[in-house]
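K.L.:
Listed in order, the protein sequences are those of chains B and V.
Just so you know, we're using the numbering used here here: the first sequence kicks off at 1 and counts up by one.
Just so you know, we're using the numbering used here here: the second sequence kicks off at 1 and counts up by one.
If you're looking for bench data, these hints aren't it; they were derived computationally from the structure.
Glycine included, each C-beta is placed from N, C-alpha and C at the ideal position.
Not everything, but these chain B residues come out facing chain V in the computed CB check (under 7 Å):
| no. | residue |
| --- | --- |
| 1 | Asn51 |
| 2 | Leu56 |
| 3 | Asp57 |
| 4 | Asp76 |
| 5 | Arg77 |
| 6 | Ala80 |
| 7 | Arg83 |
| 8 | Asn84 |
| 9 | Phe89 |
| 10 | Asn95 |
| 11 | Ile97 |
| 12 | Val99 |
| 13 | Pro109 |
| 14 | Ile111 |
| 15 | Tyr112 |
Spelled out from the first residue to the last, the chains are:
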Amino acid sequence: MLIDIQDIYKIYNEGKESEVRALNGVSLRVDRGEFVSIIGQSGSGKSTLMNILGCLDIPTYGDYHLDGTDITELTDRQLAHIRNKQIGFVFQGYNLIPVLNAWENVELPLIYQGLGPLKRRDRVEEALERVGMLERRDHRPGEMSGGQQQRVAIARAIATHPPIIMADEPTGALDSKTGLHVLEILHSLHQEGSTVILITHDNSIAATAERIVRLSDGVVVADGAREEVFAP
Amino acid sequence: MKIGQSIKMALKSLATKKGRSFLTMLGIIIGLAAVIALVTYAQGQNLAIKALYDSQGTNVLNVSAYTWDGTGNDVGQKLYDYCLGLDGVVGITPNGYVYDDLTISYGAKTLSRQRNYIGMGGGVMVSEGVSNEDHYPDIRLGNDKFGLCGDYKLARGREFSYLEVQNMAQVCVLGADTAEYLFSFADPIDKIITINGLPFRVVGVYQSKANGVQLGKSEDAQWVAESLKYLDKLLLLPSSMTRYFNRNEPVSEYTVKVKSASDLAEVTTELNSFLPGIIPQNNGSFSVYNPGQYAQDLDEADALQQRFLGIIAAISLLVAGIGIMNIMLVTVTERTREIGIRKAIGAERKSIIVQFLIEAVMICGIGGLFGVAGGYIAAAVLTKTSFGLVIIPSTAVALGAFGISVVLGIVFGLYPAIKASALQPVDALRAD
Numbered sequence: 001m002l003i004d005i006q007d008i009y010k011i012y013n014e015g016k017e018s019e020v021r022a023l024n025g026v027s028l029r030v031d032r033g034e035f036v037s038i039i040g041q042s043g044s045g046k047s048t049l050m051n052i053l054g055c056l057d058i059p060t061y062g063d064y065h066l067d068g069t070d071i072t073e074l075t076d077r078q079l080a081h082i083r084n085k086q087i088g089f090v091f092q093g094y095n096l097i098p099v100l101n102a103w104e105n106v107e108l109p110l111i112y113q114g115l116g117p118l119k120r121r122d123r124v125e126e127a128l129e130r131v132g133m134l135e136r137r138d139h140r141p142g143e144m145s146g147g148q149q150q151r152v153a154i155a156r157a158i159a160t161h162p163p164i165i166m167a168d169e170p171t172g173a174l175d176s177k178t179g180l181h182v183l184e185i186l187h188s189l190h191q192e193g194s195t196v197i198l199i200t201h202d203n204s205i206a207a208t209a210e211r212i213v214r215l216s217d218g219v220v221v222a223d224g225a226r227e228e229v230f231a232p
Numbered sequence: 001m002k003i004g005q006s007i008k009m010a011l012k013s014l015a016t017k018k019g020r021s022f023l024t025m026l027g028i029i030i031g032l033a034a035v036i037a038l039v040t041y042a043q044g045q046n047l048a049i050k051a052l053y054d055s056q057g058t059n060v061l062n063v064s065a066y067t068w069d070g071t072g073n074d075v076g077q078k079l080y081d082y083c084l085g086l087d088g089v090v091g092i093t094p095n096g097y098v099y100d101d102l103t104i105s106y107g108a109k110t111l112s113r114q115r116n117y118i119g120m121g122g123g124v125m126v127s128e129g130v131s132n133e134d135h136y137p138d139i140r141l142g143n144d145k146f147g148l149c150g151d152y153k154l155a156r157g158r159e160f161s162y163l164e165v166q167n168m169a170q171v172c173v174l175g176a177d178t179a180e181y182l183f184s185f186a187d188p189i190d191k192i193i194t195i196n197g198l199p200f201r202v203v204g205v206y207q208s209k210a211n212g213v214q215l216g217k218s219e220d221a222q223w224v225a226e227s228l229k230y231l232d233k234l235l236l237l238p239s240s241m242t243r244y245f246n247r248n249e250p251v252s253e254y255t256v257k258v259k260s261a262s263d264l265a266e267v268t269t270e271l272n273s274f275l276p277g278i279i280p281q282n283n284g285s286f287s288v289y290n291p292g293q294y295a296q297d298l299d300e301a302d303a304l305q306q307r308f309l310g311i312i313a314a315i316s317l318l319v320a321g322i323g324i325m326n327i328m329l330v331t332v333t334e335r336t337r338e339i340g341i342r343k344a345i346g347a348e349r350k351s352i353i354v355q356f357l358i359e360a361v362m363i364c365g366i367g368g369l370f371g372v373a374g375g376y377i378a379a380a381v382l383t384k385t386s387f388g389l390v391i392i393p394s395t396a397v398a399l400g401a402f403g404i405s406v407v408l409g410i411v412f413g414l415y416p417a418i419k420a421s422a423l424q425p426v427d428a429l430r431a432d
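The following block holds chain V by itself, in its conformation from the complex (with noise of 0.2 Å):
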């Protein structure tokens, strides 16, 4: 007997019981549906979290790197060239950043920041900052390879160039935020501003991080965008300007771009071998941190979430399925003479388990088939309330549900089936 035949046979034989057809198929249409929306939803959870870390720089190292004495710039140049060295790193560049505060003028506009300090407590300074404006910018020293490391891309211009840093020259780069404040809609590139009065060149702008990334409305996603707002707030010097602004001190603070997540551990490794050999035990300090170490582990949690889903999963289609057992062994007891017919109209054993199978994968098929349709108007229902944006599940997802829905069909449809085709003929004729 053909397949078609089966199957329209299956149809057939569904059709006449539509109500309890749709009762077994609830079962898996709702596991599955559960399953996608939750699968789903868990997604939208992570995703705000985790742009925030992309937006950082992926795959890079933070260095601290400096001694006690003040010989740091030395210090930078060495781990400079060593890192350049190495072959999983791509880039290297300071991140320091002026804590003086300072006055940013480009034509009316003006940026500046007063703190006042209002006292000590343990040894330790604390202030209180001040700003005149919401856009007074994060002031860092780096090199040419700022943007780099620091996944910014340059919307306008260019980055600074090796012999810029080394010379101190007068230019700077600035965050998408910073320049708009200043500039408004005019071309930044080229202009001079001044900061506390010195010329400062503007040679290129750096893309927004903020804009372009989706992340709704929930309260960590509120938070998520704001720190990425902070991002774009930004007034990029060469490093070597740390003689003007920072008293002369150091820069100690290093961006280490590598390859690839892979590169992480063994760069970790080099560098903390390294370092000691550059920075006298009892005069400096230096520490080696993976910022995406962080994440990662958001990544474990998500794992196990995943993983504890996955189960709820499993338990929910393994009762649907025991319902589709049931159902088939009510059908083919039901059908004890219709089986005894077709066995002596000539029906092999295979034909009969082939039809029953069929039927129980049909039933699930199209369970399977209004599951994923649920799940995915779940999912957007859930994930629009919970996060004001809506994901949609991944094909792979869907895909899968209706896969595992069909294999169930299979495994739950067999033993009926083989049940069903064991009758003896003039066994199952008997059957009232």
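Isolated chain B, as found in the complex (with noise of 0.2 Å):
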């Protein structure tokens, strides 16, 4: 079991008047190698759910343990180098730092990872080229395509061999056709073995999917194969 989250609850304002359950007791297990998508309108608690699990943000109350380890006892820089290491992000706005180019954004991560320089430009010609993006090394994000930014993303994302790829709405901000490239280079990583975690509001690309996890006000109401969960 590679992540496992237990009775989930993510509370703002807990006990005033403004209260808000974005997550309200959701259990979620995953296995290594999977490709789940999960889906929910805005609003949901798919966000919050990803930047959970992404140990991006802390839950209220509930358990995660991510390959084992207890995620809610660790530290602040633990939780960094689980970032680092165990999971790759891919946002919806791409996330690049703009003041770097696509090689430097690619190897931020490795630099924090404190790899060396050789093995640090091996592994960022290797992620570009994964996703075609290695003669654009040198251009800034303001200098890509959308399509493009999201490439080079995704190669940062998949630069330390994370075993999880976290993608947030990967082509919310993209035409349909990069969109679907971008989907492509997804469902390729997951047959090389990554876990894939993708998260959307639009059912045709979770559809490509074959587990898929259906959110609404904050708890989880359909859990299974695509078939299951898009029975007509």
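Mind assembling these two chains? They're in different frames, but the hints should get you there.
P.N.:
Below you can see the structure in the form of structure tokens.
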């Protein structure tokens, strides 16, 4: 079991009138090598869930074991290491650093990992090659199209060879053709053994995954194979 | 993350905001440059005055001791013997001067002075000195330790010997100016000059005190230069010659040279307790005076000035530091999203702190370099125009100023850096 969350709550302004329960008791297990789509309307809590799964946020209540490690026990520093080594993020807004070029953006997590320059060069080259962006290595984000930026973001996510790829609406800002291309890359990563968690509000994109988790009002309302969840 | 990487990243960030980085540095640059220039200016101001005091002999005490009934030669011998027995004393010389008008000749060259008494006032003879030459020397009565005590160095020949002083030998030592006037380029040693017709053999010539002293062109410096030239107009005779020239009045002034400044106080105390024993209370008088005291007072005034400058410096650097803190806080706010991204891909808090701290330190460090360079230029221009000579600030000042600016970066960059690192990744990513 790679990801195991039990009864996760994320509550804002708890006990006050303005209390918001973004997650209201979510349990989820993901095995190594799965491709899971988490779908839901905006406000359903799917982004909150991904933030917690990605160790970007901490749940108010609940247990989270990642590869057997109790995440809720970890220090700030240990969480940073987990984000660095275990998880690769792909965001809707790409989230590249504008002053760095493609190469430097992809190199950044490797620098934080403390890798030497030669190893870094190999990894960056490999990752950019993988997404077909090696020839744009010197371009800054502002000099690239959305699809290209997202491919660089994927290269950054996979440069550290993390077991888990988390993609939050990765195609949300892209036209359908480039979106499809990005999706293809995620699927081929899955085929090569990565665990992929894809968050989207778009059923047709979610439907490319074999397992689908549907979220609504902070709870899981459906979890199963594509055919079950999308059964007519 | 390695420091080299952090520095590279910081440079990149600064380079993307060149205008802002420069304006932030400007505070440091102006602050440091002003401090260095002012400190150097103050040094220059005191240089000239100090040169004068040092030229008159350092670590000396002027002793005045005499009896009304003129048994002063005896006082001199007792004082001499006593001082040689003191630990802190290096040498003692009588330091009288001949107030008679003399005529000094060598070949065709003559130096003479004629003073006309123009009246009496309050029991004191008022006189007007008229010398035929600007070069008429100060005629001193001293012994074999005169050069030592007065910080005169021999250019040629030797000092008197002890026996020459004791035996009223007709010998003399000349100051640089006097020697040059009388002998031009010839060697004065063993030449005979006449003083009021009496033959005197030149045994030594002192080095010039005025030459080689860099003073510049300010009014103070000009005055000091004149004073130094006066010290080179010297004719030194054995103190026993007072028999011939001062109507046998004993020498009553002495100069005592001590080992180091720290001995001044003790020797003063010892002399003050010794002198009453040889000078009867109702038949004489004595005093011990430290001419370096004035220089010390000057030093204290300097210290006060330095402290004042230091306060101004501290204030200007504090203002610069607050400017840096302010701009770093703005930077952190602007780059919240970047911080979020960095944390999402695995940056530890430490890395974020180091990154922003290094940016602040780089601003200050680069600003510091320019500030030091600007300070050197400003100091050179300021001292050149004020004193007529370029005074270069010391390396210690430069290193200190640069060090302070780096420390400033750390101190004022720390809070923004910690603030940046404390952001939750999810909150930071949400920022626009």
